[in-house]
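Visitor: Between the sequences and the hints, there should be enough to build the whole structure, so can you do that?
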Amino acid sequence: MSDTKQRIIVSAIMALVVILAAVCEYFGFNAVRYLGILVVLAMIAELGICVAHTSRDVIKKNMIPLGLFGLLLIAMLASVYVVGTRPWIMLLLLLIICAADIGAWFFGRWLGGDKMWERISPSKTWSGQIAGILCGTFAAIMYGLLGADMFMPQLMWIGISVSLLSQYGDLTASWIKRKIGLKDFGRILPGHGGMLDRFDGWIYVLPIIWFVMM
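In this note's numbering, each residue's number is its place in the sequence shown (first place is 1) plus 93.
Worth flagging that the hints you see were computed from the coordinates, not collected in a lab.
For each residue, glycine too, the CB sits at the ideal point set by N, CA and C.
There may be inaccurate statements among the hints.
[Claimed, not checked] Here are the simulated DSBU-like cross-link-like pairs (lysine-lysine), alpha carbons at most 35 Å apart as the crow flies:
1. Lys208 - Lys153
2. Lys98 - Lys272
3. Lys154 - Lys276
4. Lys154 - Lys208
5. Lys208 - Lys272
6. Lys276 - Lys153
7. Lys276 - Lys98
8. Lys208 - Lys98
9. Lys98 - Lys153
10. Lys272 - Lys153
11. Lys154 - Lys272
[Stated by the list, open to error] The following label-pair restraints were derived from C-beta to C-beta distances:
12. Leu239 - Arg271: 37 to 45 Å
13. Trp181 - Leu161: 30 to 38 Å
14. Phe244 - Gly274: 16 to 24 Å
15. Arg271 - Ile142: 14 to 22 Å
16. Phe199 - Leu238: 33 to 41 Å
17. Val175 - Gly121: 15 to 23 Å
18. Lys153 - Trp198: 32 to 40 Å
19. Gly274 - Phe122: 40 to 48 Å
20. Ala171 - Met107: 20 to 28 Å
21. Ile101 - Val151: 30 to 38 Å
22. Gln99 - Trp250: 20 to 28 Å
Guide: Next up, the structure:
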């Protein structure tokens, strides 16, 4: 089975998990919060496994970036604990990040063009980044139109900010992978890589949203 087919199947399964979590929220169980905590814990564990299988020399050379990346994940865990109490915010973030990710992947491949930082992530292009921001912003606006039946300008700025932050979270994870010589953090999600590969777009988004909510 090709990577694209695997990616689509796994994405469909993850979408079903999100729908199930939303149904649980409807019946009063705070599933979104616990699901988010579980995902971040899996990301932290995955990073620990990768570091454990990396040579000591490489770890010593990259102690500072690895340490900072670990702190980002811990901040992400604390953030999802707080932000997860408001499932409508988590749903909005999910829609924006997914739309930005899909838009950047699809249009980046279709349009091609100049690479952003080829040494960090050879597949990412400027056209993909711009398309990702546009798609994420469109998703945020539609969230307001469908949910509240009105145009909310603030959602446009949220869409732009979250889309941009999610892509730089992805680039940060790619940079860490290059530092320790990895292609993927794991193989738990066929076609996507590991948990960190799939959810790295949340690394900056959640702590900043938490800070704004404080």
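Visitor: Kindly indicate which numbered hints from before are broken by the structure, ordering the numbers from low to high.
Guide: Of the numbered hints given earlier, those the structure breaks are 9, 14, 16, 22, listed in rising order.
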